[in-house]
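Student: These are the residues of each chain, in order.
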Amino acid sequence: MSDVSSDGILKGVKELSLVHKLSMHLGVFVILIGGWELGSRLGYVNELIMPPPTAIGYRLYEMFFITGSIYWHYFVTMFEAVCGFIIGVSIGLSLAITSAISPVFRRYWAPYAIVFNVTPGIAVTPFIIAWFGFGWSSKIALAALVCFFPPFINTLTGLLYIDKDATELFRSLGANRKQYFWKLQIPSALPIIIAGLKLAMTGALIGAIVAEFFSASEGVGILMQRFAFRLNMDGSFAALIVMSLMGLSLFTLMEYMDVKVLFWRRHSRMEEVSKKRKAKWSIN
Amino acid sequence: MADEVVIEAKGLTKAFTETVIAVEDAIFQIPKGSFVSLVGPSGCGKSTLLRLIAGLIDKTDGNISVRNAEVTGPRKDIGLMFQKAVLLEWRTAIENVLLPNEIRGDVGPEAKQKAWDGLQLVGLKDFEFSFPRQLSGGMQQRVALARLLQTGADIMLLDEPFGALDEFTRERLNVELLRIVDDPEITTIFVTHNITEAIFLADKVFVMTPRPGRIAAMIDINLPKPRTIEMETTPEFNALIKEVRDVLSGHLDGAPL
Amino acid sequence: MSTELDTDVNHNIEIGGGFKGGLGGAMIRHLIILLVLLFVWEMANRTGMGDPLLLPRPTDIVLSIWKIYVTQGNVWYHLWVTFKEAMLGCLIGCIIGIGLATAAVLSDVFRQFLKPYIIIVEATPRIAIGPILVTWFGFGMSSKVALAALVCFFAPFVNTITGLLGVEEESYELFRSLGATRKQVFWRLMIPTALPTMNAGLKLAVGSAFGGALVAEFISAQAGMGILMARYTMSLNMPSAFAGLLSITLYGFILFRIMEAIDYKVLYWRTDELMEKKSLKRSLAWKKEMQS
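Protein chains in written order, with my numbering: chain R, 1 to 284; chain Z, 1 to 257; chain E, 1 to 292.
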C-alpha cells in the first residue's frame, strides 16, 4: 500500500502557524549566512569569488548610509524602468484593444506581433543604443520594447476569449457594442491583463538594466558592472542585492494592485467589498 | 384560460449543415399564460428550438412569430435563463439583477426597488450584496431568475436552468418557479431532459426526438394546480411519464411513429 | 430587431491566423503589404527622407545579408557560437529547474524551505547577475552558458511544480488503491499529468536561454551574434547589423516552430488526429501480440 497522496505534500505545511514558519525561515537563513561567513573566514571559500556576507553587508551600509551614492543610481534605474513600463504598457494595451475591437486591424497586425515576439527583445539592444544614444532614453526605450509584448498578448487574448454564455446573455438583453465592451469584455479580461502587467514590470526592469550594461553612466546596472569588472566583488554583490530590492518592491506594488483590483477572486476581499457596497446602497 | 396565442411556429426548420438538422418542421401554438415543457434526450434540438424562439439564431425555413410579429432578434418581452446562471463575478447579486436596467438605460428608484423585491421573492434575503462566488449553485440560479423577472418580460424561456443542481435543490426550485410564474400574464417554455420535471411543471409537454429534431408529441397535462411533490407518486402522474417514454423509445428503437 | 453586437468576436479569433498553415490568400496579402512597405522604405531613403543610420535601405540590407552569409560567411560561425551557448545553457537550466522542482514536490520540507528564496529569485532580474558571471567565468563561452542557464531555469521550475502539483486527489487515491509504489505514482501518474505544463515551461526556457546568451555577449564576448551586432552598430555598419538581426529573428522563428512541433507530437492526447493515429498503432500492436 503506497503512502503517496498530494495531501502529504501540503499537510505538513498547513499545520504550521505563521510565526512558526517565519522563525523556521529565519533560522535556516541564519545558518546559511553563518556557514558562508565561516567558510570564508576559514579560507574554504575564495573571497574574490564569493565575498563574505559581512563584507557585502558593510558595502551596503556604506552605499546607503555613508556615501549615499546608491540613492541616485537607484532612482535612475527605477525611473528608466517605470517610464519604460508606462510606455510599453500603453502601446501594448492600445494595440490590443484596437485589435480586439476591429477584426480588420487584427488580421493585419497581430501576426507580425507574434513573429516579432519570437525574437528576444534583448537582441535589439545594440540598435536601441545606436538610435537613442547613451542617455536615459535608450534605457527607457529598451525597457518599453521588452515589456510591450506580455500586456499586448494577454489583453488581446483576454478580450477575445469571452465566455460564450455571457456573450449570449448580453445579446439577449439587447446590449450594444459599447456596453458589451465595458460591462463584459473589460472586467472579464482583467485577471489576465493584470497578469500581463506583472510580467511587463519584470521585463521593464530587465530592459533598463541590460541597456545599462551596454552603455551607461548612471544606474544600478552599470554600477554593478563597474564593480564586477574592477573585481570589487563585495560591491557588485551589494549592487545585486539592491537590484533585488528594486524587483521586490515593484513586485509588491503589482501584488497590491492585483489584490485591490481583482477583489472577486479572494474571499476576504469579496467580503470587504460586499460590506462596502451594502453600506453605499440606497434606493434613490 | 386566455386564448390569445402568444407564440406560433409553422414549419419551423433549422439546419446547421445538410445532414445536421436540429429542428425540422416544428408546428405549434402556445397560448398566453401557459407553461410548456420541452422534453427530449440530449442533442434532440430543444435548446436550438428555444433559441429560435428567443431570436438568438436565425431559422433556415418556416416561420416563427411572437405576438403575430415574426421573430428577427432578441426582444424585450422575452426573457432567458440558461443552465449556467451566467452571473458576472465582479458584481453583487443585486447588481447582477440590475444588469438589464443598466443596459436599457433606466436605473431609477423603481428599478432598484424592483430588484430588491425580486431578490426577496426568490428567497435570497440577506444575500443581496453577496458575490456569485459566495453563493451556491442553487442560489446563483435564483439570482438569475430574479434578473429574468427584472426584465419585465412576460415570455420566459428557460433552458435546463436546474440541470446542474442536485435533486433536492431542483425540486425546491421547481416548486418556487411555479409559484412565481403562476400568472395568466406570464407564458413559460421550459427545456429539460428530465421527464418528471417536465410533467411536474407544465400544462403541456412537447416531446422532442432527435436527428432530425421533431416534436413527436404534444401531451396535455391535466393535473391540478398548485402542484405538489406528492403528486409525482400518483398513478396519473406515472401514466403520463409512461406516455412520454413511449413516444421517446418508440423513436429511439427505430420504429416508425 | 438585431442588436449591434458583433458576435463575430468569438468566431474570428485567429490571432496568428495570417501565418499559420501554408500559402493562402492571407499569406499573399501579407506578402504584398510587406513588399509595398519595403518599396516605400527604399524610396524614402533614396530621396534623402530617411536617415540611413537609423534605418538602412532594404537593398543595402539585402546586400549585407549576401555578404555575411556568402562572401564573407562570418555569420555562420557566430550563429553557431550563440546557438551552442543558448542550447547548452538551456539544457543545464532545464535540468536544474526540473530537478529542483521535482525535489520540491516530493519533499514538503524542502519546498517550504525553498519558498522565500524562490520569491526573491523571481522578483530579482536574474539577468542582472551577468557581469558577476562574466567576472567569474571569464570572457569565454562558459559565462554565456552560465547566464543562459540561470535566466532560463525559472520557467521550467515553476511550470514543473505547477504541473506536478496539479494532479487531482482522486487520481492519487486510485493509484493508492491499486497498491502502487511511490516510484510508479511518480512516473506513471505525476509526470504524464504534468507534461503539458512542463512543455510550456520548456518553450519559454528556450526563448529565455537565447536572450540570456545574447546579453552575456553584450557584456563582453569575442564571438556570437550578440557581439557581432554590437560591433556592427558601434561601427555604424547598420545594414550588416540589420542583417544580423534578421538572422536572429529567422533563427528564433525556426526554433519556435520546432518547439511547437515537439509539443504537438508529445502531447498526442490533445489533438484528435494524433489520438486516432496512436490508437490505431496500439490496437495493431495489441492484435499482433495476441496472435503470437
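No wet-lab data here; the hints were simulated from the structure.
The structure presented is a predicted model; accordingly, all values stated were derived computationally and were not measured.
All residues carry an ideal CB built from backbone N, CA and C; glycine is no exception.
Watch out, some of these pointers could steer you wrong.
[Stated by the list, open to error] Have a look at the derived ranges for each label pair, beta carbon to beta carbon: (1) E:Lys277 to R:Phe116: 49 to 59 Å; (2) E:Leu178 to R:Trp109: 46 to 56 Å; (3) R:Glu272 to E:Ile28: 52 to 62 Å; (4) E:Leu250 to R:Ile91: 21 to 31 Å; (5) R:Trp109 to Z:Thr72: 29 to 39 Å; (6) Z:Pro109 to E:Asp108: 51 to 61 Å; (7) Z:Ala239 to E:Ser177: 42 to 52 Å; (8) R:Gly68 to E:Gly140: 35 to 45 Å; (9) E:Asp108 to R:Glu272: 43 to 53 Å; (10) E:Phe113 to R:Leu38: 46 to 56 Å; (11) R:Gly68 to E:Gly138: 27 to 37 Å; (12) Z:Glu176 to R:Asn176: 25 to 35 Å.
[As the list claims (entries may be wrong)] Pairs of lysine-lysine residues, derived as DSS-like cross-links and limited to a Cα-Cα distance of at most 30 Å, are as follows: (13) R:Lys178 to Z:Lys204; (14) R:Lys178 to R:Lys278; (15) R:Lys260 to Z:Lys59; (16) Z:Lys125 to R:Lys183; (17) R:Lys183 to R:Lys198; (18) Z:Lys59 to R:Lys178.
Student: List in ascending order the numbers of the hints, as given earlier, that are violated by the structure.
Tutor: 1, 9, 10, 13 and 15
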